[in-house]
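There are 2 protein chains.
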Amino acid sequence: MEEKKNLIVGQSGGPTAAINSSLAGVYSGAKHYGIKKVYGMRHGIEGLLAEKIIDLDDTLDSTFNIELLKRTPSSYLGSCRYKLPKPEAGNEIYKKIFEILEKYNIGMLVYIGGNDSMDTIQKLSEYASMISSSIRFIGVPKTIDNDLPVTDHTPGFGSAAKYIATSISEIVRDSNVYDLKSVTFVEIMGRNAGWLTAASALAQNKFNDGPDFILLPEIGLDLKGFIKVLDNKLAEKNNIVVAVSEGIKDQNGNYISEDEGNVDAFGHKMLSGTSDFMAKIVKTELGVKTRAIEINTLQRAAAHLQSKTDIDEAFNIGFLGVKAGIEGETGVMMYFDRVSDAPYLSIIRKCDINLVANIEKEIPRGWISEDGFGVNEKFIEYAKPLIMGELSNIVCDGIQSHISSLK
Amino acid sequence: MEEKKNLIVGQSGGPTAAINSSLAGVYSGAKHYGIKKVYGMRHGIEGLLAEKIIDLDDTLDSTFNIELLKRTPSSYLGSCRYKLPKPEAGNEIYKKIFEILEKYNIGMLVYIGGNDSMDTIQKLSEYASMISSSIRFIGVPKTIDNDLPVTDHTPGFGSAAKYIATSISEIVRDSNVYDLKSVTFVEIMGRNAGWLTAASALAQNKFNDGPDFILLPEIGLDLKGFIKVLDNKLAEKNNIVVAVSEGIKDQNGNYISEDEGNVDAFGHKMLSGTSDFMAKIVKTELGVKTRAIEINTLQRAAAHLQSKTDIDEAFNIGFLGVKAGIEGETGVMMYFDRVSDAPYLSIIRKCDINLVANIEKEIPRGWISEDGFGVNEKFIEYAKPLIMGELSNIVCDGIQSHISSLK
Numbered sequence: 001m002e003e004k005k006n007l008i009v010g011q012s013g014g015p016t017a018a019i020n021s022s023l024a025g026v027y028s029g030a031k032h033y034g035i036k037k038v039y040g041m042r043h044g045i046e047g048l049l050a051e052k053i054i055d056l057d058d059t060l061d062s063t064f065n066i067e068l069l070k071r072t073p074s075s076y077l078g079s080c081r082y083k084l085p086k087p088e089a090g091n092e093i094y095k096k097i098f099e100i101l102e103k104y105n106i107g108m109l110v111y112i113g114g115n116d117s118m119d120t121i122q123k124l125s126e127y128a129s130m131i132s133s134s135i136r137f138i139g140v141p142k143t144i145d146n147d148l149p150v151t152d153h154t155p156g157f158g159s160a161a162k163y164i165a166t167s168i169s170e171i172v173r174d175s176n177v178y179d180l181k182s183v184t185f186v187e188i189m190g191r192n193a194g195w196l197t198a199a200s201a202l203a204q205n206k207f208n209d210g211p212d213f214i215l216l217p218e219i220g221l222d223l224k225g226f227i228k229v230l231d232n233k234l235a236e237k238n239n240i241v242v243a244v245s246e247g248i249k250d251q252n253g254n255y256i257s258e259d260e261g262n263v264d265a266f267g268h269k270m271l272s273g274t275s276d277f278m279a280k281i282v283k284t285e286l287g288v289k290t291r292a293i294e295i296n297t298l299q300r301a302a303a304h305l306q307s308k309t310d311i312d313e314a315f316n317i318g319f320l321g322v323k324a325g326i327e328g329e330t331g332v333m334m335y336f337d338r339v340s341d342a343p344y345l346s347i348i349r350k351c352d353i354n355l356v357a358n359i360e361k362e363i364p365r366g367w368i369s370e371d372g373f374g375v376n377e378k379f380i381e382y383a384k385p386l387i388m389g390e391l392s393n394i395v396c397d398g399i400q401s402h403i404s405s406l407k
Numbered sequence: 001m002e003e004k005k006n007l008i009v010g011q012s013g014g015p016t017a018a019i020n021s022s023l024a025g026v027y028s029g030a031k032h033y034g035i036k037k038v039y040g041m042r043h044g045i046e047g048l049l050a051e052k053i054i055d056l057d058d059t060l061d062s063t064f065n066i067e068l069l070k071r072t073p074s075s076y077l078g079s080c081r082y083k084l085p086k087p088e089a090g091n092e093i094y095k096k097i098f099e100i101l102e103k104y105n106i107g108m109l110v111y112i113g114g115n116d117s118m119d120t121i122q123k124l125s126e127y128a129s130m131i132s133s134s135i136r137f138i139g140v141p142k143t144i145d146n147d148l149p150v151t152d153h154t155p156g157f158g159s160a161a162k163y164i165a166t167s168i169s170e171i172v173r174d175s176n177v178y179d180l181k182s183v184t185f186v187e188i189m190g191r192n193a194g195w196l197t198a199a200s201a202l203a204q205n206k207f208n209d210g211p212d213f214i215l216l217p218e219i220g221l222d223l224k225g226f227i228k229v230l231d232n233k234l235a236e237k238n239n240i241v242v243a244v245s246e247g248i249k250d251q252n253g254n255y256i257s258e259d260e261g262n263v264d265a266f267g268h269k270m271l272s273g274t275s276d277f278m279a280k281i282v283k284t285e286l287g288v289k290t291r292a293i294e295i296n297t298l299q300r301a302a303a304h305l306q307s308k309t310d311i312d313e314a315f316n317i318g319f320l321g322v323k324a325g326i327e328g329e330t331g332v333m334m335y336f337d338r339v340s341d342a343p344y345l346s347i348i349r350k351c352d353i354n355l356v357a358n359i360e361k362e363i364p365r366g367w368i369s370e371d372g373f374g375v376n377e378k379f380i381e382y383a384k385p386l387i388m389g390e391l392s393n394i395v396c397d398g399i400q401s402h403i404s405s406l407k
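Residue numbers (this note's numbering), protein chains in the order written: chain R, 1 to 407; chain E, 1 to 407.
Simulated from the structure, these hints should not be mistaken for lab results.
Careful, some of the hints might be misleading.
Pairs count within a copy or across copies, as identical chains cannot be separated in the list.
[What the hints assert, rightly or not] Each computed SDA-like pair below joins lysine to any residue, with the alpha-carbon atoms no more than 20 Å apart:
id	residue 1	residue 2
1	K384	M130
2	K308	S401
3	K5	N254
4	K361	S346
5	K224	V288
6	K289	T309
7	K384	S401
8	K308	V395
9	K237	G107
10	K407	D179
11	K289	G273
12	K249	D371
13	K37	I347
14	K83	L180
15	K289	E46
16	K283	G273
17	K308	I394
18	K206	F64
19	K308	D397
20	K378	D397
21	K206	M388
22	K249	N192
23	K308	S392
24	K308	L391
25	K407	D57
Isolated chain R, as found in the complex:
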């Protein structure tokens, strides 16, 4: 990359607890490699098109602010869900994007995001090649869903998994308080891939025997069969906790919670929560107390429970993304290549963006227990290192501090 060129970085897709650590890594990498101006696009490529561009030196002006940024959840720069059209020479949107990039003298664009964001990098680098632009396009992965191919795992997954495992261990305690039979369903994000739901298994240890069952979207659920399994389990144990993916489907591939035509107070058809649905069915069928707990937005935003492994890796993959661009790469996504589970060691590499964009990775069948209601040791060996370690929280007046929001 020519020395006098600048860098622009954007964030896209759903927030995570680690995506700002990658932003901190990109910024620090740019500074390390002598890039003068580091711009941020507000609200991803949509903000770029509207020329909503900020100079990151204005706010990341101290090591302390960079440390705060690493501990701040959600997307500091804002996000978008914007799909670029097919790249064709002369397309107005691409023309406008490249005009703006030239105007700011950009030599490298780094985009931090999930599947759709890698699609953006792919298209921009394809268009750049068409018009023989020298601008480099680098993808840095993030998603709590952990469903990107090629990479061993995605930044953001480890922290979300740590939050899920910790919360499940607390819910298990909360569930066995009263001397009666109960089934608690805990609903976890991940519509098509069950990585995060499976992470609930990390709550099982010598102090804690839950969750008892894990229902994944990878396995079509035989609802009647599962209710029989629950009934048998209740004969030996009072209080059962089931971790359930929001996206579980029946054996015909239909979402479980679509079955009943729930209509809300305003006549809208509700995709009522999966856990709600399961709690009602089981209460009716087995006549025991049931509860539905939806672990909502906090599973992607709980920075106070960040995994240090995750935050360090998120930082490093951002930093090395800049290094790759400096070395001439473009149209690549950075990824983790795991060398060893225990001791845990991954190295950071780059791959052709075409191997990644628009492909989803599910949990291998061999990592799921034979009966389909849990995961086995292979999943645990894979996931455990990713939730290890705690960042020192920077606490003020009793709560974790974040970097000030952009206005």
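Fit chain E to the supplied structure of chain R, relying on the hints for placement.
Showing chain E alone in chain R's frame:
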């Protein structure tokens, strides 16, 4: 208390993140004062009646286990919601309870719980007086709801408030990611008193300007007026976060979410979540994106975010409850008498149980903002010290360790 007598302790009502620290305090106090046997009743007074009694020496056999117990959420001994009948000489239930207490040579019964539990202590001490029993009955308060009278605050509130404030600060970050207008409703526990919902105000600091509004059960909600206020706020700010108590009522004192006759898939009338209800109304009325987030069970079980102030106080009030019994008190509840806000200092005293049982404490009107949509500096000065400080988490394989569950 005669030297050769034993102590029995029970937990009752809903779980908190601090109730086990009070149990640890009672146990440690009993040991300190030379009480030989410390028994625990499983599932409160119900377990006592069924003679489900354990010897706490069997599991609290090391300082390490006591430290784990302090960090374990929910009720280690189990809980119940059991209301004793009016105490009358000759009543079979009381006869049975006192027979069992005599059998185990009990000199003191300590009950850790909320309003209903203090009712239990009141009735047992009244009956003891009728039959001239020398057994002492001591109440140790706990409840995340913070709605007990006499005491400045209740153990369990500070940790729940810290969890709420931290989570709200993360949800505020999560809410301002996209470049559009949105209103997020976050539902918080507390059916009749808004202490915990008000604690969301502790999220407001120089890094974070949310929540924007706080809806308390103490203030009858003018729904139409509030929607107008939201509309005005949306003109100046894109993303609004509203903390809302599950128990908000309209100006006639009816629960807001009872208004619409929601019926679930099985024909049951649903008390649909208050946040769900608000999100739907506002979406319809203002046409903006809305979200409903229910901070469920975790607000009472999130031991990983315990307030050190809360946990230390919970321990001490249990310990000093035993001291009070040793000194001859009975029919009392231990409570906090605040001496100073900053630096924070409370002392632990005892009061007649009749001043406490079955009375609920609401937030004073003078601590709520004039428009009724928030709290003022008086509430902040009151609540802030209670969420201060962090315990060292005992982390193993990436998640906080708990003491092993009783079987």
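Here is what the structure says about each hint:
no., hint, result
1, K384 - M130, "neither (44 Å within a copy, 59 Å between copies)"
2, K308 - S401, "both (17 Å within a copy, 18 Å between copies)"
3, K5 - N254, "neither (51 Å within a copy, 64 Å between copies)"
4, K361 - S346, "within (19 Å within a copy, 55 Å between copies)"
5, K224 - V288, "within (16 Å within a copy, 40 Å between copies)"
6, K289 - T309, "neither (39 Å within a copy, 35 Å between copies)"
7, K384 - S401, "between (27 Å within a copy, 15 Å between copies)"
8, K308 - V395, "both (16 Å within a copy, 13 Å between copies)"
9, K237 - G107, "neither (62 Å within a copy, 34 Å between copies)"
10, K407 - D179, "between (52 Å within a copy, 12 Å between copies)"
11, K289 - G273, "both (18 Å within a copy, 18 Å between copies)"
12, K249 - D371, "within (16 Å within a copy, 47 Å between copies)"
13, K37 - I347, "neither (28 Å within a copy, 57 Å between copies)"
14, K83 - L180, "between (51 Å within a copy, 17 Å between copies)"
15, K289 - E46, "between (48 Å within a copy, 19 Å between copies)"
16, K283 - G273, "both (15 Å within a copy, 19 Å between copies)"
17, K308 - I394, "both (14 Å within a copy, 16 Å between copies)"
18, K206 - F64, "between (39 Å within a copy, 15 Å between copies)"
19, K308 - D397, "between (23 Å within a copy, 12 Å between copies)"
20, K378 - D397, "between (42 Å within a copy, 16 Å between copies)"
21, K206 - M388, "within (17 Å within a copy, 31 Å between copies)"
22, K249 - N192, "within (9 Å within a copy, 39 Å between copies)"
23, K308 - S392, "both (9 Å within a copy, 16 Å between copies)"
24, K308 - L391, "both (5 Å within a copy, 18 Å between copies)"
25, K407 - D57, "within (15 Å within a copy, 57 Å between copies)"
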